[in-house]
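Residue numbers (my numbering), protein chains in the order written: chain A, -13 to 192; chain B, 3 to 88.
These aren't lab readings, by the way, just hints derived from the structure by calculation.
Treat the hints with caution; some may be incorrect.
List of simulated lysine-lysine pairs, DSS-like, C-alpha gap at most 25 Å [to be verified]:
{"hint": "1", "chain 1": "B", "residue 1": "Lys81", "chain 2": "A", "residue 2": "Lys4"}
{"hint": "2", "chain 1": "A", "residue 1": "Lys13", "chain 2": "A", "residue 2": "Lys60"}
{"hint": "3", "chain 1": "A", "residue 1": "Lys131", "chain 2": "A", "residue 2": "Lys109"}
{"hint": "4", "chain 1": "A", "residue 1": "Lys52", "chain 2": "B", "residue 2": "Lys83"}
{"hint": "5", "chain 1": "A", "residue 1": "Lys153", "chain 2": "A", "residue 2": "Lys60"}
{"hint": "6", "chain 1": "B", "residue 1": "Lys83", "chain 2": "A", "residue 2": "Lys109"}
{"hint": "7", "chain 1": "A", "residue 1": "Lys52", "chain 2": "B", "residue 2": "Lys30"}
{"hint": "8", "chain 1": "B", "residue 1": "Lys81", "chain 2": "A", "residue 2": "Lys109"}
{"hint": "9", "chain 1": "A", "residue 1": "Lys153", "chain 2": "A", "residue 2": "Lys72"}
{"hint": "10", "chain 1": "A", "residue 1": "Lys13", "chain 2": "A", "residue 2": "Lys109"}
{"hint": "11", "chain 1": "A", "residue 1": "Lys72", "chain 2": "A", "residue 2": "Lys109"}
{"hint": "12", "chain 1": "A", "residue 1": "Lys4", "chain 2": "B", "residue 2": "Lys30"}
{"hint": "13", "chain 1": "A", "residue 1": "Lys52", "chain 2": "A", "residue 2": "Lys72"}
{"hint": "14", "chain 1": "A", "residue 1": "Lys153", "chain 2": "A", "residue 2": "Lys109"}
{"hint": "15", "chain 1": "A", "residue 1": "Lys60", "chain 2": "A", "residue 2": "Lys72"}
{"hint": "16", "chain 1": "A", "residue 1": "Lys52", "chain 2": "A", "residue 2": "Lys4"}
{"hint": "17", "chain 1": "B", "residue 1": "Lys81", "chain 2": "A", "residue 2": "Lys13"}
Residues on chain B that point at chain A, a partial pick, calculated with CB under 10 Å [to be verified]:
{"hint": "18", "residue": "Leu27"}
{"hint": "19", "residue": "Lys30"}
{"hint": "20", "residue": "Thr41"}
{"hint": "21", "residue": "His56"}
{"hint": "22", "residue": "Ala76"}
Heads up, the beta-carbon is just placed ideally off N, CA and C, and yes, glycines get one too.
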Amino acid sequence: METEVQSESEASLIEDLKRRDSTAYQKAVREYSPGMLAVARFYLDHSSAEEIVQDCWVTVIDAVQKFEGRSGLKTWLHRIVANRCKNRLRTANREVATDFSETLEPELANRFNSTGRWDLPPKLQFHESADTLMENGALSDCLDKHLSALPETQRSALMLYEAHQHKSDDVCNILDVSASNLRVLLHRARQKIFLMVETFQETGEC
Amino acid sequence: MLMCRDLAEIASDYIDGELNGRQNLSVKMHLMMCKDCRTFIGNLRASSNLLSAHSSGKADEEFLRRIDERVAEALSVRKNKGSDSE
């Protein structure tokens, strides 16, 4: 059931898109393309993903006329991208391969002894406040670097869930993964970021 | 009994409130006794908050301009079609 409530500004943007207002398109392209690209990168390589996102915006010009607002604009756009990518994969007869068997990152798994207790426990406590952490420009750059090094499947799941604040159900629907596999993707990605921040705080190096 | 490694495996589910009542209780009991796991959970939560706060909107400006061009072209084709049929 789609129960996303549209904000007033979103409703007005949708009306402007329906009127084919070019300024509204520029605004929407800037607001929604990063998330659309994150969805596309789950399925496709970088250049194909960019191509799909461009094509989707052209499709949106006509499709938005029939948009009834049963979901939020962001979710609707992300679904269009996901469907296009799935079609492209079907045509190319390619499948997205993901290993969901391990829930722990090897680097973290090695820090427990045979009894399941910590051998190498986390030493430092991170600052809870994300704003405090983000004040460190070098850390922010390091985060960018590590995000781009994540496997696409993990990065897309993480981006949609954490950065674009989609609900789990939506992410599962858009990326076509089961709820349990989404949990694995998110957990693996978060562990990598945890390990990155830990190294950064301990050594100052990325 | 839940060991530290078991807790690490389900830590994200705990943070996101995805565990059932029994699992949640055993994590809470473990955390009461284990400082290392409290630090781990706190740090994993901080990593998650960091990602939420980190701007996801950094798309390549060149890429966005290419979309603008495609959209502008498509809009103009539709406008011309509209004026032709008037």
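**Q.** Those earlier numbered hints the structure runs against, lowest number first
**A.** Hints 6, 7, 8, 10, 11, 12, 14, 18, 19 are the ones this structure does not satisfy, whereas the remaining hints hold.
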